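Model the full structure from these sequences, guided by the hints.
Under the working numbering, the first residue of the sequence shown carries the number 18, and numbering increases by one thereafter.
Source of the hints: derived by calculation from the structure; they are not laboratory data. Small disclaimer: the values here were computed from a predicted structure and weren't measured. From the three backbone atoms N, C-alpha and C, an ideal C-beta is built for every residue, glycine too. Each statement offered as a hint is correct.
Okay, derived cross-link-like pairs now, EDC-like style, lysine to aspartate or glutamate, Cα gap no bigger than 16 Å in a straight line:
no., residue 1, residue 2
1, K71, D36
2, K97, E59
3, K71, E39
4, K41, E68
5, K71, D40
6, K80, E53
7, K97, E65
8, K80, E65
9, K55, E65
10, K97, E53
11, K80, E68
Label pairs and their calculated CB-CB ranges:
no., residue 1, residue 2, range
12, M18, A98, 45 to 51 Å
13, G57, E29, 35 to 41 Å
14, P63, C38, 23 to 29 Å
15, A98, K71, 22 to 28 Å
16, G49, Y74, 16 to 22 Å
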Amino acid sequence: MSQFPEIDKLNEVARKARDKCEDKLRATLPPGTRVEIKSGPEWLGPYEVQEYGKFSYGAVQLKNPETGVERRAGYQQVRKA
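Now the structure itself:
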């Protein structure tokens with residue numbers, strides 16, 4: 018605990034919410050899932066979801082199975098192919 022217990026309480030609530038969101042993201046888009054990436058008005062792909070990093074916080078590691086190109090995108094920018 019810090020010298021600011023009120024902030025500590027809020028930070029703990031935020032951490033739990035973030036962890037819950039990450040768990041749901043990983044369950045919804047497990048590694049191997051085929052997705053497309055939003056780029057302007059277009060959807061690019063296909064890409065496959067790769068293993069999640071330890072501190073991904075909403076980011077999805079992707080790899081194009083045809084070209085081998087790797088990208089990282091926020092979950093808001095992807096949809097299932």
